[in-house]
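Trainee: These are the residues of each chain, in order.
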Amino acid sequence: MPMLAFRLATPRVLVDLRRVSGLDRIHIGEQGVELGAKVRWRDIERDTRLAVAQPLLAEAVRHIAHYQIRNRGTVGGSLAHADPAAELPAIALTCEAHIVAVGPRGEREIPAAEFFLAPLVTALEPDELIVAMRLSAWPKARRFSFKELSRRLGDFALAGAAVFFDLDERGCMRALHVGAFGVADKPVRLLETEAALNGMRPEPAAVAEAIKLGTSGLEMRSDIHADADYRRALLETLLTRAFDEAMQRSPS
Amino acid sequence: MTSITPIINGVAVTVEVPDRVTLADTLRDKLRLTGTHVACEHGVCGACTVIVDGLAVRSCLMLAVQADGAAITTVEGLSKNGKLSALQDAFRRHHALQCGFCTSGILTTMHALLLEEPDAGEHRIREVLSGNLCRCTGYIPIVEAVLEARAAYAQAESGA
Amino acid sequence: MNRPNAYIGSAVDRIEDERLLTGKGTYVGDLNLEHLLHAAILRSPVSHGLIRSIDVSAARALAGVRAVITANEIGDVPIIPIRQHPVPEGERFRQPVIASGKVRYVGEPVAIVVASDPAIAEDALELIVLDIEELPPLADYVTAARNECLLFEEAATNRAATFRARMGDADAAFAQADYTRKERFSVQRHTAFPMETRGLLAEWVDATGHMTLYGVTKVPFFNRRVLAQMLGIEISAVDLIEVDVGGGFGARGEFYPEDFLVPFAARYVNGNVRWIEDRREHLMAMNHAREMYAEMEIACTKEGAVVGIRGRIDIDLGAYARTNGFTTPRNVVQFVSGPYYIPNLAIDAHSFVTSKTPTGTYRGPGRYESSFFCERLLDMAATDLGIDPAAFRLKNLIREEQLPRPLATMMDLDATWQTELDNGAYPIVMQRCLDEFGWQEKIKLQGQLIDGRYHGVAVGNFVEGGAGGRSENASMTIEDDGMVTVAIGSTALGQGLKTVMSQIAADALSLPIERIRLLHGSTTLLTDGVGSFHSRATVMGGSAILLAAEALLDLVRNEVGMRLDVPAANTSFSDGKVEAAGKSFALQDFAGLSVEKTFINTKLTYSYGAHAAYVAVDAATGEVEVLDYVTVEDVGRVINPATLHGQVLGAVVQGLGSTFLEHLQYDENGQLLTGSLADYLLPTATDFPNIRSVSLGLRPCPNNPLGAKGAGEGGLIAVGGVIANAIASALRSLRVQPCDLPLSPPRLWRLIAEARSAEMSR
Chain A
0 MPMLAFRLAT PRVLVDLRRV SGLDRIHIGE QGVELGAKVR WRDIERDTRL AVAQPLLAEA
60 VRHIAHYQIR NRGTVGGSLA HADPAAELPA IALTCEAHIV AVGPRGEREI PAAEFFLAPL
120 VTALEPDELI VAMRLSAWPK ARRFSFKELS RRLGDFALAG AAVFFDLDER GCMRALHVGA
180 FGVADKPVRL LETEAALNGM RPEPAAVAEA IKLGTSGLEM RSDIHADADY RRALLETLLT
240 RAFDEAMQRS PS
Chain B
0 MTSITPIING VAVTVEVPDR VTLADTLRDK LRLTGTHVAC EHGVCGACTV IVDGLAVRSC
60 LMLAVQADGA AITTVEGLSK NGKLSALQDA FRRHHALQCG FCTSGILTTM HALLLEEPDA
120 GEHRIREVLS GNLCRCTGYI PIVEAVLEAR AAYAQAESGA
Chain C
0 MNRPNAYIGS AVDRIEDERL LTGKGTYVGD LNLEHLLHAA ILRSPVSHGL IRSIDVSAAR
60 ALAGVRAVIT ANEIGDVPII PIRQHPVPEG ERFRQPVIAS GKVRYVGEPV AIVVASDPAI
120 AEDALELIVL DIEELPPLAD YVTAARNECL LFEEAATNRA ATFRARMGDA DAAFAQADYT
180 RKERFSVQRH TAFPMETRGL LAEWVDATGH MTLYGVTKVP FFNRRVLAQM LGIEISAVDL
240 IEVDVGGGFG ARGEFYPEDF LVPFAARYVN GNVRWIEDRR EHLMAMNHAR EMYAEMEIAC
300 TKEGAVVGIR GRIDIDLGAY ARTNGFTTPR NVVQFVSGPY YIPNLAIDAH SFVTSKTPTG
360 TYRGPGRYES SFFCERLLDM AATDLGIDPA AFRLKNLIRE EQLPRPLATM MDLDATWQTE
420 LDNGAYPIVM QRCLDEFGWQ EKIKLQGQLI DGRYHGVAVG NFVEGGAGGR SENASMTIED
480 DGMVTVAIGS TALGQGLKTV MSQIAADALS LPIERIRLLH GSTTLLTDGV GSFHSRATVM
540 GGSAILLAAE ALLDLVRNEV GMRLDVPAAN TSFSDGKVEA AGKSFALQDF AGLSVEKTFI
600 NTKLTYSYGA HAAYVAVDAA TGEVEVLDYV TVEDVGRVIN PATLHGQVLG AVVQGLGSTF
660 LEHLQYDENG QLLTGSLADY LLPTATDFPN IRSVSLGLRP CPNNPLGAKG AGEGGLIAVG
720 GVIANAIASA LRSLRVQPCD LPLSPPRLWR LIAEARSAEM SR
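Chains as they are written, first to last, in numbering that gives the first Met the number 0: chain A, 0 to 251; chain B, 0 to 159; chain C, 0 to 761.
The hints are all genuine.
Calculated cross-link-like contacts (lysine to any residue; reagent style SDA-like; alpha-carbon spacing at most 25 Å):
#1 B:K29 x A:F5
#2 C:K582 x C:E478
#3 B:K79 x C:K23
#4 C:K394 x C:A424
#5 C:K596 x C:V225
#6 B:K29 x C:T25
#7 C:K23 x B:G9
#8 B:K29 x C:K23
#9 B:K29 x A:L3
#10 B:K79 x C:I14
#11 C:K23 x B:E75
#12 A:K211 x C:A757
#13 C:K441 x C:P688
#14 B:K29 x A:V12
#15 B:K82 x C:A10
#16 A:K211 x C:M759
#17 B:K29 x C:E202
#18 B:K82 x C:R516
#19 B:K79 x B:E115
#20 C:K596 x C:P701
What the hints contain is simulated information worked out from the structure, not anything from laboratory work.
Build out the structure end to end from the sequences listed, making use of the hints.
Mentor: And the structure:
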């Protein structure tokens, strides 16, 4: 809508999905969680089951925009808009979510890693519509943290980080996933960081080194709110704090 | 042009609107409910907030055609029988407004919040209020007023 | 006080509020007239260029369009006069009401469209074909100062004006000083940003040749004179009407290009035309403020007495000298010393035109900036000399017996430019601020790292000028229903004027406040008036009300004397009853009596006070949290403590926005990069929750009958310097010195990183 108000977009047709039924379901099952495209931020915020079933998602959503926007903003809208500084695309990518789209050729599932292509550009075809996002099941003992810094509450993040991992019986990290947003032209996974630390204990020195490894290859965004140097340093700080918090937080 | 029939402050109103016109402009220009103010038209300032089907939303981000059949409360619908509501009265006593331009949107937002969460604490009130810009007050008197008005909402909820 | 109807000093509820709280306020966008047409304005998309052609044929042909007006249709394009602080050299840089031949900033009006519907008017803007030959942009003052490319060829320079302030002999003082330090500072471009954008509704009645313009504020009588002259009609044929106004803060209500274009368009189409500015337009068309760069130097004795400040300030004026474009440059040189006894001063400010939006005043113009420079220098000097920053300030504050004291002399300008600080107990108020703040305890935390954040404190002082603009009018009329209609030339921009003025009037007439009908701001109410700016409304309008009340009561006395044949002096007034010689009258027995009075005052008022801040800095991210902020001020006499408290809190948060968030940024081509509220960052409810303020009526002003001093800006003035000093205090172990605003996380992070690497290489 702001794009229309600024006369930057002048679509011939706009379709409101308000009356399309069945897209606002939150399904929580053994296999994981499915969020319908019309699920709003307030629905996630108020669904106490999600705080257990997908705590990282629940925490990330608290950072999205403001009250009035959370009353209207949806899962499908955020995924399709694909803002590089938005929280949900980052969660989708970090958690290896699948985006379910339907079109004239039927339904298909697109892995988040193949979905976000560039700022505001996705793998969605012009005749396709997002109907849901699927997240796999979350082990109860999983460690996680979500950190972002924005200029004011509700603003897009200058940088943000999402981290989760399981700890094995020896205290080593397994299934480590590290995501970042607001720093590049789309949300990113820090695969080098993950590779360097998977199977390791979260020792501060090793974590610091792995973070550097993961961020060094990133082409950092620079804009009027923050330059690339700052974003790089900020992301490293947020990641460090995210690992700390994930370790300190006792699993539910 | 499309014909829509929202229920505005309890009264069903049928109105013809061009497809490209926002709910905010329709309320103001067609229905002459000029208490809803427009201050940014891009969904940031919160001045145009109205309550649609129980939820505070920015009426500049909603097309009028999307409001067909919806129950809408504007600032004009907050006071009953010419008496200030508890929230409005608290605003007056705490000097929670100066120029008054942002006030309508803040009242509707806080009204929606307290209906749902009459026990909202200062932190939550500030968090929700951060979606409304005010240039005059520094927000402090607004927070004080909302904190005080909570009692009336809690009472209404408990049916006392 | 036990006498009835003593309203001054009490926190009465605002008369304005009931309407505003129920959505019944009437702002200019809420007005509706029959056959209303709507205007939209085409603005220059380039910052500097020659207009080759404007093809409006397709726009004119669009269904619903009534007119497309360019400089061609206007003919002899009027130039907007400078209202405040005009200097001869600055006249060359005044703004025409519409670009003709040349555009000088992105946002400059090029054409105005009138249509049956606002959306159609906007559609028509897209159909206008504008051919502009681009000239080199002058996107910063450094480029402009080189004079390689001129914004105004006929002026032969981009330097619009220079203001110089002097006291004592600064160079001699510096030559002999024990200690000197020189630093560079800058303040970023930002803006007043009232929540209501500008808007105007012009009603032209052809039959009578009368123009009525709604939506004006601040200085309607001045604007009426200007508009009448530009339209070539008698002043009596023009009326300016003030309706509800959604905030001003110095920027709204000046005579802008649209204040001519909209009424001109109404006359051109022979109808009623409304224009409501959109927010993107607002950010590129309304006055910007504050962008300046300074090199300042302080000199002290080794015991910590400041003996001089000297320096040079370069100001980015934007493309034109607008109505109050020179107020900030003048203030910034004259007010550097603030409330401090600094015997030797030499400050120059050069204003340069650049191809950016013109600048004007924003709350505390020039004072916020000069306070930032001065307070930063004071803290650096105190630290270097090993003196507690609070003790250092107490030592250098002007003492009560040293007042009145002139501020630095404005060189080569007449006596009207000179001013003196009136009275006050500066050290007492500062000490009160330290006590409220808990300085003794908090100073112990300075520089400490607590839970990963560095903590710091600072204190600073300010003076706030008020009561500018020489005169104000008020009238009073006794009505048949026992009400007294009070009209004032002061204007209401949301500050609670109606309430405050009603308090003064009710008090002076000893009437219940409900019996005062207060009108303000419109040219239809009085023979003349001035308005609201420079913290003047309460002092000037309020004093005019006192004069009018006295005159009205004199008329009643005379009338009583005639009716009863007793001496007029023996008449008493209380609670709407008039008593003399054992007889009692009701006030309405004198219905029809009416007076208009003018209060004249050439002396400014100076309220003053202190601010203290306690902050925590996250050195890894550059984030700052304001843990406590305390202001204490003396306004001479408090009329309504609640409205005043609101003014101060609002001003502090605006100041914090100026210091941390708000920044109008341009690229090297002079394109505005912060044209939306997603990029122009205003303070929100979660940013600055910890503010306390105390307002005192300690030393009544000797220069007006109310004893009041202008207030409302003081909460903002000291914020930049105090916050920057608190951050420096927190980061003292790293020797970080924030000298450039805003103090955004990226900027602070970089300062910290640089300080750390300097430490390493030491």
